[in-house]
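Q: On the provided structure of chain A, position chain B as indicated by the hints.
Next come the chains, spelled out residue by residue.
There are 2 protein chains.
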Amino acid sequence: MEAFPLNFKKKDCKIVVAVDESEESMYALSWCLCNLISQTTINNLILLYVKSPPPVYSSLDVAGYIISGDVIRALETYGNDLANSVMGRAEDICGKFSTDVTVERMVGSGDAKDVICNIVDRIKPDTLVMGSHGYGFFKREKGLVGSVSDHCAKHVKCPVVIVKHPGKI
Amino acid sequence: MEAFPLNFKKKDCKIVVAVDESEESMYALSWCLCNLISQTTINNLILLYVKSPPPVYSSLDVAGYIISGDVIRALETYGNDLANSVMGRAEDICGKFSTDVTVERMVGSGDAKDVICNIVDRIKPDTLVMGSHGYGFFKREKGLVGSVSDHCAKHVKCPVVIVKHPGKI
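For the record, the sequence lines run as chains A and B. Residues 1 to 169 in the UniProt record's numbering are what the first sequence spells out, letter by letter. Residues 1 to 169 in the UniProt record's numbering are what the second sequence spells out, letter by letter.
So that you can see chain A by itself, here it is in the shape it has in the complex (with noise of 0.2 Å):
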């Protein structure tokens, strides 16, 4: 019995949260605002965002050239912006609930599966979160190889909370 921690809850507790333009990845988090964050511990959330891959660069002659950067740039800015107006999203409905959280931005950019689970190799949070269907990048990238949830919760070390939005089942 001896092989069972019994201080899982760390002092300081580290969440990242895979959030995106979907309801249910902002249902997801505040699952986790309610459900995870303790008044005994230091906890630190992280807010994951993946932006698309950058489209692929296409120019041939002059014109297509200065056509395909002006595209290039405004999806660029479209993307910045989305990224934006979703943490900004995430961080109010973090400032709703009146836990003490430390509230940290991080974005990626490509696959969202691989960088979900690379970001999360990599920084070896105490748990992930993320919704199960999504309607942002778990979306775009659900038809092709099962959805990103499946994936991450196959993949990576640590705990993972898969979360519904009731409304959506």
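Read the hints as simulated data drawn from the structure, not as lab findings. Bear in mind that the values here come from a model prediction, so they are computed numbers and not experimental data. The reader is advised that the hints may include incorrect statements.
[As the list claims (entries may be wrong)] Keeping only pairs whose Cα atoms sit at most 30 Å apart, straight-line, the calculated DSSO-like set for lysine-lysine is:
1. B:K14 <-> A:K124
2. B:K124 <-> B:K96
3. A:K11 <-> B:K11
A: Same frame as chain A, but now just chain B:
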């Protein structure tokens, strides 16, 4: 923002922990006791164990019937003893954590992934906690149709916590 309830943590909280004979499921139970049990909530913990399906009964003659009957009874006894052993161990772990929690046993029989999903669907807990791979019923069915935890994470409606034993990753 009004869509996100601030009262996720109800006064009465019901958590199902799927346990089997593996170290991993006991680790998942410990994680649950440390991270999901609040002092401000009435916590109802349901320990769910799923026994193997009854063996296929085959007897073509009287001698065969007698032998089969003995074997079946021996297997049933073994299954019940194992269930009691796992439950006793799980309750010991609950007792080691100084938390205010009522613990209830629930034993099912059949295909673990279906039994867990059906029970969760029926009793509607706030959270389901389970190990990732396991060496009991989780392992028995892993090779056939993916792990039990994969299946449950996809099909149950409540938040699911999947915990991996750090020594088994």
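Q: Going back to the hint list, which numbers does this structure go against?
A: none
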